[in-house]
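Add chains B and C to chain A, keeping to what the hints say.
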Amino acid sequence: MKKLLIISALSVTVLFYFAGLPTYASEKELLGAGATFPFPLYSKMFDTYYQTNKVKINYQAIGSGGGIQQLISKTVDFGGTDAFMNARELKKAELPILHIPTCLGAVVVTYNLPDKPKLKFTPDVIADIFLGKITKWSDPRITAVNPEVKLPDMGIVVVHRSDGSGTTFIFSDYLNKVSKEWAFKVGADKSLNWPAGLGAKGNPGVAGLVNQTPGAIGYVELIYTIQNNMPAGLIKNKAGNFIEPSLPSVSVAANVDLPDDTRVSLTNTDAAEGYPISGFTWLVFYKEQNYAERSKEKAEELLKLLWWMIHDGQQFTAPLHYSPVPPKAVEKAEKILGSVTYENVPLLKK
Amino acid sequence: MVNERIFFRIFKDKLFKLSVIGFCFASILPLLFILFYIFKNGIAVINWQFLTELPKPVGEIGGGISNAIVGTVMLVLISSICSIPLGIGAGIYLSEHKQGKLSYAVRLCVEILQGIPSIVIGIIAYVWIVMPLRTFSAVSGGIALGIMMLPIIVRSTEETLKLIPESLKEASLALGVPYYKTIMKVIVPAGLSGIVTAVIISVARVAGETAPLLFTAFGNPFMNINILKPVNSLPLLVFNYAASPYPEWHALAWGASLVLAVLVLTLNVLARIFTKKWKVQF
Amino acid sequence: METELNTGASSLLEFSGIDRSREKDFRFDPFAAPESVFKAVLFGSALCMVLLLLCIFLTLLINSLPSIKEFGFRFFYGKTWNPVTGEFGALPFLVGTLITSFLSLAISLPFSLSLSIFLGEYSTKGTVASLLQSAIELLAGIPSVIYGFWGLFILVPIVRSIEIKLGVTPIGVGIFTSALVLSIMIIPYAASLGREVIRLVPDELKEAAYSLGATRFEVIKKVILPYVISGITAGNLLALGRAIGETMAVTMVIGNSNVIPKSIFAPANTMASVIANEFTEATDDIYLSSLVEIGLLLFMVTMVINIVGKQIIKKMSVQV
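Chains as they are written, first to last, in numbering that gives the first Met the number 0: chain A, 0 to 349; chain B, 0 to 281; chain C, 0 to 319.
Please keep in mind that the hints were generated in silico from the structure rather than gathered at the bench.
Incorrect hints may appear among the rest.
[Stated by the list, open to error] Derived pair list, reagent style DSS-like, types lysine-lysine, alpha-carbon separation capped at 25 Å:
1. C:LYS38 / B:LYS100
2. C:LYS78 / A:LYS132
3. B:LYS16 / C:LYS124
[What the hints assert, rightly or not] With the Cβ distance kept under 10 Å, some of the chain C side facing chain A (calculated, not the full set):
4. ARG159
5. GLU277
6. ASP283
Just so it is clear, the structure is predicted and the values come from calculations on it, not from any experiment.
Note that beta-carbon positions come from the ideal geometry of N, C-alpha and C, so glycine has one too.
Chain A with its partners taken away, still in its complex shape:
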């Protein structure tokens, strides 16, 4: 009996010792969650940041919806989302939340067909495929846009996101602008009432499922198609040109006037050479960092990380086929970071 008590007391103490042990290190750890859209980029950025700054960033790619929700619940230090928070979400958060863009990406339409042909799509065709109205690859509306390609008589299997996704938001925001029927029937949000198709978790899930399912079509961030050797469709933009998703075409689409809080949609761009389904991805965090007993050190670490991500961190964007944040946006982001306070005192000492 005594032995048991001694052993259990010891083990509890040991456990809590371990819990408290890296107290200096617990300040040097940040927790983030959210979008899968930029996950390959963040994964590389955070790994490098750890090597150079010895700060561990634990980012879980659970989808933009998850990132926003966990930030609102204050269970994470920052959230990642490709859909800027809407009025309802900001109200739910009670405390003011800031957005800074970390990179630009393209939401591409990818598909699984034998021989991986390069296909062209028009906005209405995309909308009708995802509405479930066009069901075969040999449909005349698709062949009309792709006369040189021999399209098989396969059924189209639509793949969408099963989780709350900013990528879905960007994609549906675009479809909202180009298809009245889509705007009426489905709308634009992170989680939708999809009229057709299979659901997969995260950008990786959609890419994986399209890759394995013959005849499938889905929407993912550009890097996922490049890393997995999957084709990306050319899309007809507002100006009437069929644009291939790439660094330059996305950067061109971002050449717009940004609001001060950087919350802007880049879809259906007016730019002649711009890719029509481009988008920023943001990191969201609280303006006043003294909430839920956060320490000043933690707030400072967060700010250091965010500053690094929009400056030195940008070197990792191009190799991973993301577009870096344009200089105008970096300026706005710097101003936003300057407004972050701890106990109403600005943290940034520049």
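Structure of chains B and C alone, referenced to chain A:
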């Protein structure tokens, strides 16, 4: 005519026996199938690097599952610490009080607890621990797993202790040994094999659980031994990597599955050996 | 010396069946004999089980209240699960759960029944029997995420080729695949219980039938099975409960579509898999509360199934 009917009946009998045997061995096929694939794909990946390194960023080759292994061990330790004392205590109570309103209620509750889907327990742990603590943590995952271990430990303890004859307890009490010492030093050690077996089996069960960890332990690309922080675990790793499109991650997932399967199977075998060797016969 | 005698005496009283524990005062007095502390600890542990369950139920209930108030019974027959408009109807998941669970039960039935009969009647001892027994336990021991992983990579392509042969869109994932994976997972539960009850059939009944000239098959069909039918039903009921609550393996192969499935090969979602998919990101209170309500529903359904199953088993053992 009687002869013919006999032959038909014998024929039906043989046919039945054949189909039963057929179905039996057909049911084992999936097991062999699964084990074969896990072994084949997993063994190719496992090497020292795999077991000791951290996962690499997306798309890069190499990396390992060391943080997941440590995480699984941590979660199992936490859940054991939470559930073993409580479970054994309740089991002893039940075996000592065979009748009674509380015993009836406890048995009913334990049965219901055993049937609760693991995802519902995940919701509970999220509401009880993650939200108030404002962070995902190993301790919340451990507690969720602990809740799942409880019913198994309670029932096995009760069953094992019921099998011990009253005469043992009587003899001890008659010699003047206080009640609590009788239980702790005579009865429980006699039933130890059953209790330890129950612990091993419940550990094997929760080591492979994923659903409750989705929103409690959360996952972590780094090594972590702090129980108040998120932690990775083998099943979480398999789940996340399996659904991805990267072949490197798929390979890691097979390797992790092999490690997990070996762990679970070893525990099951251990439990068997325990029951056979250490069982105190009466 | 005196203390020991007293303790001995009170223990004898306990032995005689008179419950004195209720006479003791359980206020925590730090100077009391270790005895009452110990008894209090035992009592407390047992009480904890009841409290734990109550708290779980209350937590689920309280967190579902917003959506219960909002939707009422509409929740159960509403076909639309739309996070955008805030309209949450759980019918697609009820349908998905029912179809996958019952289908998996149907698929597993011949296998689990054969295993029960084989191990309970044909071969109760010996190496073959113990090997088979171990195999069943191994099947039950494999973690569900591994089943899902294996199902996704090995079973889905197979189902895809079947679908191509049948002329259906070769998605691969869907109700059929998840039912297949589930059926493999629940075989051990029904088989073990079935084996136990078949073993319990009194030899005299079987002897009597044999002595009248019955074949083995006839004995099984006409004597054993009717005798154990309730036990087998209970075992399958418990297996059903397991299938209904299974999350990981299903999430990975069911296709995650929130509409009512139109065919066996269509994608769908079950109550468990929709919670797994959407819980971390439910941004509205109503959204979160609807998901918790689904959890509450799962809790109650599995609870009822388990209680009914265990009751049947209890009746069977009393009967024997």
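Satisfaction of the C:ARG159 interface hint, Cβ to chain A closer than 10 Å: holds (8 Å)
Given C:GLU277 was flagged as interface, is its beta-carbon under 10 Å from a beta-carbon of chain A? holds (7 Å)
Hey, B:LYS16 versus C:LYS124, does the alpha-carbon distance stay inside 25 Å? holds (17 Å)
Interface hint status, C:ASP283 versus chain A (Cβ within 10 Å): holds (8 Å)
Are the Cα atoms of C:LYS38 and B:LYS100 separated by 25 Å or less? holds (17 Å)
Please verify whether C:LYS78 and A:LYS132 have alpha carbons no more than 25 Å apart. Status holds; Cα separation ~21 Å.
Violated hints: none; the structure is consistent with every hint.
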